[in-house]
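K.L.:
Residue numbers (our numbering), protein chains in the order written: chain A, 1 to 384; chain B, 1001 to 1384; chain C, 2001 to 2384; chain D, 3001 to 3384.
Keep in mind that a hint or two might mislead.
[Unchecked claim] From the structure, some residues in chain D lie toward chain A, with a derived Cβ separation under 8 Å:
no., residue
1, Gly3300
2, Gly3302
3, Ile3307
4, Pro3308
What the hints contain is simulated information worked out from the structure, not anything from laboratory work.
This one's a predicted model, so the numbers in the text were calculated from it and none came from an experiment.
For every residue, glycine included, the Cβ atom is placed at its ideal position computed from N, Cα and C.
There are 4 protein chains.
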Amino acid sequence: MTERPTPAKRSTRGVGLVGSGFMGRSHALAYATASVVFPLARPPRLAFLADANEDLAARAARELGFARHTGDWRTLVADPEVDLVDVTAPNRLHKPIALEALKAGKPVYCEKPLAPTAKDAKAMADAAAEADLPTFVGFNYLRNPMSRLAREIVESGEIGEPYNFRGIHAEDYMSDPAGSWTWRLDPKGGGGAAADLGSHIIAMARFLMGPIERLTADLTTRFSPRPDAGGTMRPVEVDDEARALVRFQSGAVGTIEASWIATGRKMHLAFEITGTRGSIRLNMERMNELRLYVAGGKAGRGGYALIPAGPEHPDYAPFCPAPGHQLGFNEVKAIEVKDILAALSGGPAFLPDFGEAAEVQAVVDAVLMAGREGRWVAPQEAFG
Amino acid sequence: MTERPTPAKRSTRGVGLVGSGFMGRSHALAYATASVVFPLARPPRLAFLADANEDLAARAARELGFARHTGDWRTLVADPEVDLVDVTAPNRLHKPIALEALKAGKPVYCEKPLAPTAKDAKAMADAAAEADLPTFVGFNYLRNPMSRLAREIVESGEIGEPYNFRGIHAEDYMSDPAGSWTWRLDPKGGGGAAADLGSHIIAMARFLMGPIERLTADLTTRFSPRPDAGGTMRPVEVDDEARALVRFQSGAVGTIEASWIATGRKMHLAFEITGTRGSIRLNMERMNELRLYVAGGKAGRGGYALIPAGPEHPDYAPFCPAPGHQLGFNEVKAIEVKDILAALSGGPAFLPDFGEAAEVQAVVDAVLMAGREGRWVAPQEAFG
Amino acid sequence: MTERPTPAKRSTRGVGLVGSGFMGRSHALAYATASVVFPLARPPRLAFLADANEDLAARAARELGFARHTGDWRTLVADPEVDLVDVTAPNRLHKPIALEALKAGKPVYCEKPLAPTAKDAKAMADAAAEADLPTFVGFNYLRNPMSRLAREIVESGEIGEPYNFRGIHAEDYMSDPAGSWTWRLDPKGGGGAAADLGSHIIAMARFLMGPIERLTADLTTRFSPRPDAGGTMRPVEVDDEARALVRFQSGAVGTIEASWIATGRKMHLAFEITGTRGSIRLNMERMNELRLYVAGGKAGRGGYALIPAGPEHPDYAPFCPAPGHQLGFNEVKAIEVKDILAALSGGPAFLPDFGEAAEVQAVVDAVLMAGREGRWVAPQEAFG
Amino acid sequence: MTERPTPAKRSTRGVGLVGSGFMGRSHALAYATASVVFPLARPPRLAFLADANEDLAARAARELGFARHTGDWRTLVADPEVDLVDVTAPNRLHKPIALEALKAGKPVYCEKPLAPTAKDAKAMADAAAEADLPTFVGFNYLRNPMSRLAREIVESGEIGEPYNFRGIHAEDYMSDPAGSWTWRLDPKGGGGAAADLGSHIIAMARFLMGPIERLTADLTTRFSPRPDAGGTMRPVEVDDEARALVRFQSGAVGTIEASWIATGRKMHLAFEITGTRGSIRLNMERMNELRLYVAGGKAGRGGYALIPAGPEHPDYAPFCPAPGHQLGFNEVKAIEVKDILAALSGGPAFLPDFGEAAEVQAVVDAVLMAGREGRWVAPQEAFG
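Looking at chain A on its own, in the form it has when it is part of the complex (with noise of 0.2 Å):
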């Protein structure tokens, strides 16, 4: 979707924000830091914020400066005014409110995950086919300069043909044995750690390495049961750890883990990449940080280079002229929004879609059938 600009064209977007929770504050705080950073052919405009209920939204709106509020999703998704619907509203919501509004004409951007399921992601990815309308979901750590530098050391062929992906992203929120038991305990939500963090770097190891092939897992759920907000004891029913060996496309390999349970980590989205003439590492507890070793230079000066993320790197230098000053969490989603604001005005198409989040969420899918059933699955099983 191209935009043809016209005289009578208005100047900005506007923006309809569903949920004013975390990340909604975060989709707040990225469409004002992109105002700000770059040049954009048409700004964002905070035109209408939905939340569960008016009251809600009104706090919301005013904290966060939308111009008007509703307590229904579906007046902010019909109203003229909003050209972009902006969904951060709980898991369950994401079907409904995404269908709604590629029905209305417009494009939306939703925060991972999709869907519960692979299936559900297809189904909203065919929709946003049909409408013929982009869509937008914010893995946003694809978007971090140094993922983004990553991916042009591995596509140029400067570590050779990449053949090994070892990833993992492990936090350790849930670690408490006595935690309480929590939505994302819900199965309906469709997996757990696996799907909470694995999709981060299942989607990091697609962005960097390809579609994967097939791949076999193995999951545990540590700690069950967990008492319930009322003190109950609840079963957990969903993957406190996961751990797959995977084969991508291309013949690369790798192992992909993720864990909401791993002790002492906090943000460890990392990943090394191997390839036949060199390495390049990432952990997203340090961001702005690359290492990368090329093999082959004056013998005895070999070493992994720690690049510091600088103005050289893909969308550094409008935040900072200078290298090694860094980028912080939300500033990458400011990234992500300019991106999406970029391909609405003609820009590059942009990536991660409704299509891509389904092969994701395939991904996902995968790695539950096959840490249940104990056998190779190839992702494209899950759409069934």
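Go by the hints and put chains B, C and D onto chain A.
P.N.:
Frame of chain A, contents of chains B, C and D only:
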């Protein structure tokens, strides 16, 4: 200056920004970020922007979202819509703008260096005191949550009595011997690396260790002459590197170094503080990490803990509820702006103000004097 | 086998070394080092050296300080001066030499891999049991003081119940696609990277986490064929990379990987153990450092402590009274030799012995079986 | 002193070791290690050991493998079996033993510090020159392969003209304020941390950057008095910390610091050398790693390379054919011994000899003078 809210009180604070270069843009971004991230009694309103001429000002106002613009900073200072005068203009203009603003009864937020000499800075501080108006100087690294944590640890006695400070601010933006003569090399600016970078590590030293009693220093001008824009070779009269031995009033001692020709270093503002019972280390190249050593634990388990920034540390949580996700350079500037706005609304007094900046400048001047004269100098000598 | 010292007992122990390649030299150095560093009940006496032929043996004996030499290992095994048969000969000779030595009533110290298959290794372990003689296998990394510290931490419960092991041994000595076909690639050796490097990380996993119940795996042969010494292209039938999902008998889980084509990695034997209350990380590329995270300390002070090896850790003090001075690879081998000599003199039994090495080999074999057959395998299956 | 081998020449070199404390044992180990690791024209023979009395000497000779022993070092020096006098006795004995050995026509290997003052050290160097005998001083960190690599890089011009040296040697073995008064605090030893640790980083600075022209310094005695063994409080008259600003004869500049109360630091002998085209960093806490930055490579790929020690670096290969396996502190001492033996057999002259050690001591003395007198001092002043 505390503020008594009245019913009629307008709910925003009008910002008048003078200058729209790198730091001007950074301030604009900080206002936008702070408004979304922090609950503010009176959020900033981008009221007025001044730059060297109308055209420049018009374009910057449009890009950064300011309501009005002017080519004459005096117009801005006088404007009733402007509640806070924010100075990111070239250094030589800091003093006239600040004095005019104070005369107009307005608080002033000024970028560092406040003035080329401690005497000038002191005159500005005196003017602020006489006008009984709050002032604010942008030594932003003090706002990093990890710098605040460092101070909390030092003040709490967790590492015992702090007795050694080893600090440096080294970058390499002037390390190309063939690089051009720029405004940074103008001796009227008051100093080279000692002023430009040294002031940051000196401000940090004072923030954490208190006043410096005396020091001796050595200065190097490594690359002179350099070609100016027209190709003429101009001698370099300011220091490329400065090294000082310092003694604090507390009895602590240390070294402070600054270099803008530190090939390979990009943002090496780093220090180590040693105390009787432990030590801490911080390096702004990894600004989201503090290292803490506490003596006397279990045998065989001692070592520096690498503490990742998280919601338990000052000002982190409003950005992100999860630890390890990292803040960026610009977000620290947003914390600075938040603290300034809070001080204006009756919160705790903001430091560094003009008075503190004058003290920092006195240390810079003392480094220059000691370097030239080869003797121990008390910073107070700089006030003449 | 404890030893009752008698007045007539000669005060040294005669070592008969078979093989004088890299590991033979390393053993010779270890005997020399251990003799100086540790108080030994009966220090080693370099009595006899055997190699492929007289000339080779003569030269090596002279260089390494052995009293006598022979071109026939049987002569060495039978010699009354030889109290301990030390086998660093090519892998295919491990079994015949060990069996002959056991038959002669002599303890055997053998380099890893003990045998090309678990069955062979088990036969050797059975022979040792039948002969009631102690045996010793050179999985030297277990002797690193930091490995011992890791075990102490795990066993003491300092990190709670350990439930995840993420281990790898990756190097890059085979990463040149044009590199030669060597003896390492001979499938009669029983495996490629899984055997050569995987056995180290498997031994470490068992040392720290206990037995592995079952696993599944994936294998890759990346570079085949390779040219042999004569220039003929020979197919590579062993794995260049192996990746396994494992479950321990304790209920813990994990991943284990091995690669000898991990471009850029030189000595990356690394693991992370996660438990309910903490975690540890060790990487042999920095073998003198252990990272320890313990949950539940003071808020805002949590982080991985980097513990440098020091005299409070096992076996460090005899080398150096000061912490942080570091041991090297060869010195860890000297600790191994010391532990073997101590076991022979009535000290604690040495592990890994032939029995443990057979168990390690069973895991290697299980990795190969699982990889070939695409299913979950119990290591016990390897014993047929 | 080159050596003409003759048929009658005995094939070993008799070592007479005076002292069997920590450093004595380390030397004994170094001889053992060097004999196995390196091909030596004339391997060392542990001929004679002297200590404070017969009993002590007898026990040490037995433990360390020396053939004979004595309670009188003069007997050892005079013995015809002793070809090399190795002095690890208490510092106050260095001079008399060395002078006697030189008088007896024997080369001397002496631990640092050679003497308590530069004048004393110079007298010893003069005696060696007069006797035309080689001498050797144990500044072992210069023998680390990574130190040698650093020098190779500096000399080759790979980082351009080196113009800044930032060095420190900090440990914390005296950081307990309640710690005892020990021999290290005896002012007759010539200095505190400046002498004990500072001499190492000064030797390194000279090794890499050449002679120091002048310096100024500041000294701190932090903890005084301290209780002696009998419980009497004794004043501390030597420095706990020393900090110096230095200028090299080459025109380079820098800082040098020493502290034995650097709480948390165990073996922090570290430096950074900056040059016009790059920089290097080395920290003996990770003695097997050198960091190298070279400016001007491909845009966006610049960064410090972490070079692990390997067989391509000086003296590593004889220990291990594989990179990244690491050498330890004691093994570096073995390299020192090898270099000494090689020099005695006609190889390249060994540095640091007594002359170089006197120059190092002159810098130490200059630091003490500058610290006391608050002025710039040329090391040559120390020779009076």
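K.L.:
For each hint, tell me whether it holds in the structure or not.
P.N.:
Hints and how they fare:
1. Interface restraint check: Gly3300 of chain D against chain A, minimum CB-CB distance 4 Å, threshold 8 Å, status holds.
2. Against a cut-off of 8 Å between C-beta atoms, the interface hint on Gly3302 of chain D holds, since the closest Cβ of chain A lies about 7 Å away.
3. Of the supplied interface hints, the one on Ile3307 of chain D holds, with its beta-carbon coming within about 4 Å of a beta-carbon of chain A, less than 8 Å.
4. Interface restraint check: Pro3308 of chain D against chain A, minimum CB-CB distance 6 Å, threshold 8 Å, status holds.
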